[in-house]
Amino acid sequence: MSEAKEVIKEKSMLIQKEMLAKLFRELSTAKESGKKVVYTFVPGNLTELILSFDMLPVYPEINALQSGMRKKSAAYIRDAEKIGFSEDVCTYVKCDIGMMLNGNSGPTGEKLPAPDLLLLSYTGCYTFMKWFENLERLYPGVPVAMLHTPYQEDGKITADQIAYMVKQMKEDVIPKMEKVSGKKFDLPRLSKMMENSAKSEDLLVKILESAKNKPSPIDAYFAGVYYIGPLFTAFRGTQEAVDYYNELYKEVQERIRLGLGPVTPEGELKEERFRLVVEGPPNWTNFREFWKIFYDMGAVIVASSYTKVGGVYDLGFRHNPKEPLESLARYCMGCYTNMNLPQRVQLLEKYVREYKADGFLINSIKSCNSFSAGQLMIMRELEQRCGVPVGFIESDLVDPRYFSYANIKNRLESYFQMLEQRKIILERESQPAQ
Amino acid sequence: MNKYYLGVDLGSTTSKAVIINEHDEIIGRGITNTRANYSVAADIARMEALYNARFSILKKNLEGEKTAKPEYNKYITDLENSFQYIQFKIRIDKLFHEMVKTVKSFLSGKLQGDVLDHVNSIFFIIEPKIKQEYLFGKLGSKNQFFRDIVSEKYNEEVGKADISLFEPLMTAWDKSITVAENEVIDFNFGEIIRKAMETLKEKYKSLPDSTPGDVSVNFDAEMNILKGNFTEVSESLRSHISDVANLEFHISNMTGTGYGRALLPFPQECIRSEILCHAFGAHAVFPETRTVLDIGGQDTKAIQVDKYGLVTSFQMNDRCAAGCGRYLGYIADEMSISLNELGPMAMKAEKEVNICSTCTVFAGAELRELTNLGEKREDILGGLHKAIIMRAMSLIARSGGIFNEFTFTGGVARNPAVIKYLTRLVKENYGNNIKINIHTDSIFMGALGGAMFARRNIQADLPSVKKEKAGVN
Chain A
5 MSEAKEVIKE
15 KSMLIQKEML
25 AKLFRELSTA
35 KESGKKVVYT
45 FVPGNLTELI
55 LSFDMLPVYP
65 EINALQSGMR
75 KKSAAYIRDA
85 EKIGFSEDVC
95 TYVKCDIGMM
105 LNGNSGPTGE
115 KLPAPDLLLL
125 SYTGCYTFMK
135 WFENLERLYP
145 GVPVAMLHTP
155 YQEDGKITAD
165 QIAYMVKQMK
175 EDVIPKMEKV
185 SGKKFDLPRL
195 SKMMENSAKS
205 EDLLVKILES
215 AKNKPSPIDA
225 YFAGVYYIGP
235 LFTAFRGTQE
245 AVDYYNELYK
255 EVQERIRLGL
265 GPVTPEGELK
275 EERFRLVVEG
285 PPNWTNFREF
295 WKIFYDMGAV
305 IVASSYTKVG
315 GVYDLGFRHN
325 PKEPLESLAR
335 YCMGCYTNMN
345 LPQRVQLLEK
355 YVREYKADGF
365 LINSIKSCNS
375 FSAGQLMIMR
385 ELEQRCGVPV
395 GFIESDLVDP
405 RYFSYANIKN
415 RLESYFQMLE
425 QRKIILERES
435 QPAQ
Chain B
14 MNKYYLGVDL
24 GSTTSKAVII
34 NEHDEIIGRG
44 ITNTRANYSV
54 AADIARMEAL
64 YNARFSILKK
74 NLEGEKTAKP
84 EYNKYITDLE
94 NSFQYIQFKI
104 RIDKLFHEMV
114 KTVKSFLSGK
124 LQGDVLDHVN
134 SIFFIIEPKI
144 KQEYLFGKLG
154 SKNQFFRDIV
164 SEKYNEEVGK
174 ADISLFEPLM
184 TAWDKSITVA
194 ENEVIDFNFG
204 EIIRKAMETL
214 KEKYKSLPDS
224 TPGDVSVNFD
234 AEMNILKGNF
244 TEVSESLRSH
254 ISDVANLEFH
264 ISNMTGTGYG
274 RALLPFPQEC
284 IRSEILCHAF
294 GAHAVFPETR
304 TVLDIGGQDT
314 KAIQVDKYGL
324 VTSFQMNDRC
334 AAGCGRYLGY
344 IADEMSISLN
354 ELGPMAMKAE
364 KEVNICSTCT
374 VFAGAELREL
384 TNLGEKREDI
394 LGGLHKAIIM
404 RAMSLIARSG
414 GIFNEFTFTG
424 GVARNPAVIK
434 YLTRLVKENY
444 GNNIKINIHT
454 DSIFMGALGG
464 AMFARRNIQA
474 DLPSVKKEKA
484 GVN
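Protein sequences, first through last, are from chains A and B.
My numbering numbers the first residue of the first sequence as 5 and each following residue consecutively.
My numbering numbers the first residue of the second sequence as 14 and each following residue consecutively.
Be careful, since some hints might not be right.
Okay, derived cross-link-like pairs now, DSBU-like style, lysine-lysine, Cα gap no bigger than 35 Å in a straight line [to be verified]:
no., chain 1, residue 1, chain 2, residue 2
1, A, Lys370, A, Lys427
2, A, Lys216, A, Lys274
3, A, Lys370, B, Lys440
4, A, Lys370, B, Lys320
5, A, Lys413, B, Lys448
6, B, Lys16, A, Lys427
7, B, Lys320, A, Lys427
8, B, Lys320, A, Lys296
9, B, Lys320, A, Lys413
10, A, Lys216, A, Lys427
11, B, Lys320, A, Lys354
12, B, Lys16, A, Lys370
13, A, Lys134, A, Lys40
14, A, Lys216, B, Lys448
15, A, Lys210, A, Lys413
16, A, Lys210, A, Lys274
17, A, Lys427, B, Lys448
18, B, Lys320, A, Lys274
19, A, Lys360, B, Lys320
20, A, Lys196, A, Lys39
Treat the hints as calculated values from the structure; they're not laboratory data.
Just so it is clear, the structure is predicted and the values come from calculations on it, not from any experiment.
Construct the entire structure; sequences and hints are all you get.
Laid out in structure tokens, this is it:
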């Protein structure tokens, strides 16, 4: 198991770290500075809208994953279970509730402010609704704005659906934001932010698509979760985010020029042996150990669905300054977990082919229904359509009790041996008999 | 020189070794119980496979002469039993000395003397009994391993002793058996075979000249030939035996697999996942197999393979023991019967009692509850066996289902009730046209796959990279 070795930090990583530190500092002093705080979720978030009212967003699931990475989640989950949450409830929820029960100290140790508005934009995950019902009880009297995102049952976004969502924004979400912030809705400001959103989105797509190179200069899953950070959370629509992605893109281009592999906490990956597409969120409690198993095997994740939970930009969608609210509606409905299963299969198939992956792997999360439903079907479809070996491992988001290092390593080792042998045997088969 | 290849499958319950020749034919099998010291388990299985291989070669070499001298068959079988007995004898002597040493170390005074007397007399009684079982092939499949064979008899005798001695006698056993079991004894094949022949000579001498009326005439005749001919083994047979004893056994390559694979004293590039090995072994024996189910001691795997025997996907239950072999072991313990008796008893079920518990440990409680309610043991066991297969069926479904040929591997494949329910449920779920393969060597499938990988010299050396292209041997 990995022990803390000096981790290589690129400039972009330091920029991101500073951005986050600044945000949490601002949050910790929000009450003094008079800034209003909105709790909301990553998939289908309305960050530009929140920021346009000079409010600060807090994403409970990001706090939960951060607590997981910082080894705090076990105690939080235990406390949530003590007050009656069942073993089977989403561990993000329990971790978040547990954190609040323990004084709401955020991942950086700084205290998180109580919400002034609970903005429930639930996208593809029905647990979100229950989660916020609990938050409503924990913070009595805090207004709740609910934005219902229609699921893409038929695999398409219709004009009616867009109109339905815009109507909710105009009639419920925006008035509540105006009331909480004491500011008028500023459409030109929102539009301006969307220009920045689209710039960042363009850059993120280029960065993620750089994995089509061989060797891939990035890991689009383990490192990918850092790359999506600013755009999927509090910084979409800001100049800071644009600057971050410009810097990151420069670094990636340089790596391509030098023919270098991805940077990992264990060092640079020297030889790319396997290219994989991964479906499902990572495990956070043992994130580095988990990544190291792949690193040790020379495996690079060239594309992942998890890095699309906060927006599927590589299919062409961009926030549009000309139609800010409509594009927010489109954005919400287009997030990965709001896509129907055939769409997800199609997207993953495209990844396997376009990124020339050797295999497809699913990390199935015990307590996440919105991701896990349909995964076996997805796996079978991918196996049949692409003819690549498929693998299945199980862990959890932030409950360390469900991360079994030995079991996961055993399965992954078998999986990588499958890939290796396939290469050797198929190579032999394609040669004339000796 | 002939080339041989070794596969060792270090499972959670048993360790298996298989030796194959250049034509992928199994010529040696070895199996032992896995113990805390993995490398000893692997060594014992490997040595057993090597001895077994020599016997295989001996039988092969005698092919031509056997038609003229059919009694050779009986003699070789007897010789193999006798050979195993001699090995057993060496180990039980070690155990005896260990017991004496242990008793002296933790007891003193009169109690020490009493316990020593008992240990002495117990071994004096059980050793000849076990000898008889070995020499007359009566060991059966009930007990396979040294520990089981001795403990059964030892416990029986301890039960007869005064109750005050129970505790010290059992403590002495517990403290000594692991030491004795874990000692690697380098047996010399030539020497043991010589002793085995001596032992047989005595056996034949002591056989009665006529047999009781209930024994078939055929047997009588065979025995008479043996008695007549084998007080002195014929020169030709003796020379064949000495040939295989002197045979230089060259293992060209080997593969280690199973849960303990990382702990095997093998080079990294010779270690292979058991999923791949089971699939490769099953595919080698039944080339049309596309789905493999392996029920091991501590996990269950449903594996899909392609026409090359390569794994395309697998699903694994490594979280819950309720679908694994260990479940049966636990139930056997709960019922105080041996693992090998479970299946035959379940075959007598007239119905399958519904077992709701999906947990191994709680199944024990459920078992007692159902017994209290008046359910018959056989019917409960029928239900338990069915429950395991239902679990396996769900795993198979997760892995993609069964399309044409299906092969069942692992130690559990020896259990007739498991086979009964598996066959029934596979047909119910996937139709009557599915061909179901269960090989007598099912338990060795992983080791066989390993040996076959070794013969093909397919290296999948992870994580260290050696890109040299493996050549076909």
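Now for the hints, and whether the structure bears them out:
The hinted pair formed by A:Lys370 and A:Lys427 meets the criterion: a straight-line CA distance of about 32 Å does not exceed 35 Å. Straight-line distance between C-alpha atoms of A:Lys216 and A:Lys274 comes to about 17 Å, which keeps the hinted pair within the 35 Å bound. In summary, the hint linking A:Lys370 to B:Lys440 is supported, as the alpha carbons are separated by about 31 Å, within the 35 Å threshold. Annotation: proposed proximity of A:Lys370 to B:Lys320 holds, straight-line Cα distance about 33 Å (limit 35 Å).
In summary, the hint linking A:Lys413 to B:Lys448 is supported, as the alpha carbons are separated by about 33 Å, within the 35 Å threshold. Restraint check: the Cα-Cα separation between B:Lys16 and A:Lys427 comes to about 27 Å, which is no more than 35 Å; the hinted pair holds. Between the alpha carbons of B:Lys320 and A:Lys427 the distance comes to roughly 15 Å, so the proposed pair stays at or under 35 Å and holds. A distance of roughly 33 Å separates the Cα atoms of B:Lys320 and A:Lys296; the hinted pair therefore holds under the 35 Å criterion.
Distance hint between B:Lys320 and A:Lys413 is fulfilled; the C-alpha atoms sit about 27 Å from each other, no more than 35 Å. A C-alpha spacing of about 20 Å is found between A:Lys216 and A:Lys427, which places the hinted pair at or below 35 Å, so the restraint holds. For the hint pairing B:Lys320 with A:Lys354, the CA-to-CA distance comes to about 26 Å; that is within 35 Å, so the pair holds. Restraint check for B:Lys16 and A:Lys370: the C-alpha separation of about 49 Å exceeds 35 Å, so the hint is violated.
Proximity of A:Lys134 to A:Lys40 is assessed by CA-CA distance (about 23 Å); at most 35 Å being required, the pair is judged to hold. For the hint pairing A:Lys216 with B:Lys448, the CA-to-CA distance comes to about 43 Å; that exceeds 35 Å, so the pair is violated. For the suggested pair A:Lys210 and A:Lys413, the alpha carbons sit about 32 Å apart, so the restraint of at most 35 Å is met. Straight-line distance between C-alpha atoms of A:Lys210 and A:Lys274 comes to about 23 Å, which keeps the hinted pair within the 35 Å bound.
Restraint check: the Cα-Cα separation between A:Lys427 and B:Lys448 comes to about 30 Å, which is no more than 35 Å; the hinted pair holds. At most 35 Å may separate the alpha-carbon atoms for a hinted pair to count; B:Lys320 and A:Lys274 meet this at roughly 34 Å. The hinted pair formed by A:Lys360 and B:Lys320 meets the criterion: a straight-line CA distance of about 23 Å does not exceed 35 Å. Taken as a hint, the A:Lys196 and A:Lys39 pair is honoured in the structure, with Cα atoms around 21 Å apart against an allowance of 35 Å.
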